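When you line the sequence shown up against the working numbering, it's residues 77 to 220, in that order.
Mixed in with the good hints there might be a few duds.
Within a straight-line C-alpha distance of at most 20 angstroms, the following computed SDA-like cross-link-like pairs (lysine to any residue) qualify [unchecked claim]:
(1) K146 / T168
(2) K108 / A119
(3) K115 / L130
(4) K111 / I126
(5) K132 / T177
(6) K118 / V159
(7) K132 / I174
(8) K115 / E163
(9) K146 / D167
Each pair of labels, with its calculated beta carbon distance range [claimed, not checked]:
(10) F80 / A102: 16 to 22 angstroms
(11) V172 / L130: 21 to 27 angstroms
(12) K111 / E151: 18 to 24 angstroms
(13) I89 / I174: 42 to 48 angstroms
(14) Q179 / G85: 56 to 62 angstroms
(15) G133 / I89: 49 to 55 angstroms
Hints were generated in silico from the structure; no laboratory data involved.
The model shown is predicted, which means the values in this text are computed figures rather than measured ones.
Here a beta-carbon is modelled for each residue, glycine too, at the ideal position from N, C-alpha and C.
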Amino acid sequence: MEGFIKLLGILLILILVSLSIDYVYAEPPYAKWGKLAMKEVKAAYPNADIVDYLHKGKRQTDTTSIQSFKLWLIENEQEFGVVVDIEFDSDTEEIVDIIITKQTLSILELSFHECVFRSHIFMTLSATVSSRNESVLASSTIPS
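Please put together the full structure from these sequences, using the hints given.
Structure below.
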């Protein structure tokens with residue numbers, strides 16, 4: 077009887093562990109389409125680095141679905157976005173069309189990036205000036 081209880085306990089632990097592992101490796105339903113979007117963008121822009129990724133959503137038509145993604149890229153020190161729309165048959169998941177649209181930064185996004193860039197420059201200059209002033213003060217003598 078004691079051996080049966082130990083065996084039952086071990087089986088219960090194994091079942092609980094296997095259930096929790098399923099949740100650790102779960103991917104969102106759009107993950108495979110996101111991987112395809114990144115692969116297609118890398119083929120279209122082989123010299124660019126993908127620096128950010130956003131799943132914009134899924135749209136449905138009568139027979140097809142469209143998964144939409146926005147990727148941010150940097151190529152030759154230029155930052156730009158691309159929107160990837162992957163249209164596929166809703167039943168078979170056969171790809172109907174993949175559309176990649178390059179986007180430039182909007183005024184708002186450009187302003188944000190300029191602010192971040194300028195604040196970085198300002199902080200760097202401030203730190204440089206501050207450290208120079210401290211050096212001057214430390215090396216100067218006050219006449220008596």
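(request) Would you pick out the hints that fail for this structure and give their numbers low to high? (result) 1, 9, 10 and 15
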